[in-house]
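Can you make the complete structure from the sequences, with help from the hints?
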Amino acid sequence: MAAGATPAHGVVLETERLLLRPWRVTEAVVQHELWTERDPRVPPHRRIDADGRPTVADLEQWIRAAEPSSIGLLAVERKAAGDVIGYCGLVDSGRGAAREPELAFELLRRTWRQGYATEASSAVLDWARSAGYERLWATVWDWNTASRRVLAKVGFTETGRKDVDAVHGTTLFTTRTL
4 MAAGATPAHG VVLETERLLL RPWRVTEAVV QHELWTERDP RVPPHRRIDA
54 DGRPTVADLE QWIRAAEPSS IGLLAVERKA AGDVIGYCGL VDSGRGAARE
104 PELAFELLRR TWRQGYATEA SSAVLDWARS AGYERLWATV WDWNTASRRV
154 LAKVGFTETG RKDVDAVHGT TLFTTRTL
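All residue numbers for the sequence shown refer to the working numbering, where the first residue is 4 and numbers rise by one.
By construction, these hints were calculated from the structure, which means they are not laboratory data. Since we're looking at a predicted model, the values are computed, not measured. Be careful, since some hints might not be right.
Below, simulated SDA-like cross-link-like pairs (lysine to any residue); rule was C-alpha separation at most 20 angstroms, straight line [stated by the list, open to error]: (1) K156 - E122; (2) K82 - G118; (3) K156 - W144; (4) K156 - V170; (5) K156 - L181; (6) K156 - R179; (7) K82 - V14; (8) K165 - F176.
Here you go:
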């Protein structure tokens, strides 16, 4: 979960295999694991720094301090196992137009290639449509082929807009009309 992101308090989404719900303080360890296993091409401000930050305690504090919001990153829980495996939701990162939040998701590596990101993203899209959003967008690094496939499966298309970064890779902008 990115620093400053707020969970969607009160929003609970359910799919066949997943429950998407607000984060619990005790799940900061899952967030920390996400931070530790990020690809080295991810910019440093989104990875654990040389001082070990954010720590689990930092992440616990972010969860406690989160303000109620109609959008945010929900914990993705596998119903059968009862474990949290990542996040999915909507964020207002300030890069999109008004009333066009960004779809964001990230799952623990050990759960990749099982369709969870697609399933969670589809649930968030259904919720966004019912909440009155008309269009969403998402960004993805050009090297992140798995996330690009998820976005394509749930109907996002590349816009042609790109932010080129020689160190971290090119960020591609995608959109989806609801």
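Okay, the hints, checked on the actual structure:
no.	hint	in the structure
1	K156 - E122	holds, 10 angstroms
2	K82 - G118	holds, 14 angstroms
3	K156 - W144	holds, 17 angstroms
4	K156 - V170	violated, 28 angstroms
5	K156 - L181	holds, 14 angstroms
6	K156 - R179	holds, 11 angstroms
7	K82 - V14	holds, 16 angstroms
8	K165 - F176	holds, 6 angstroms
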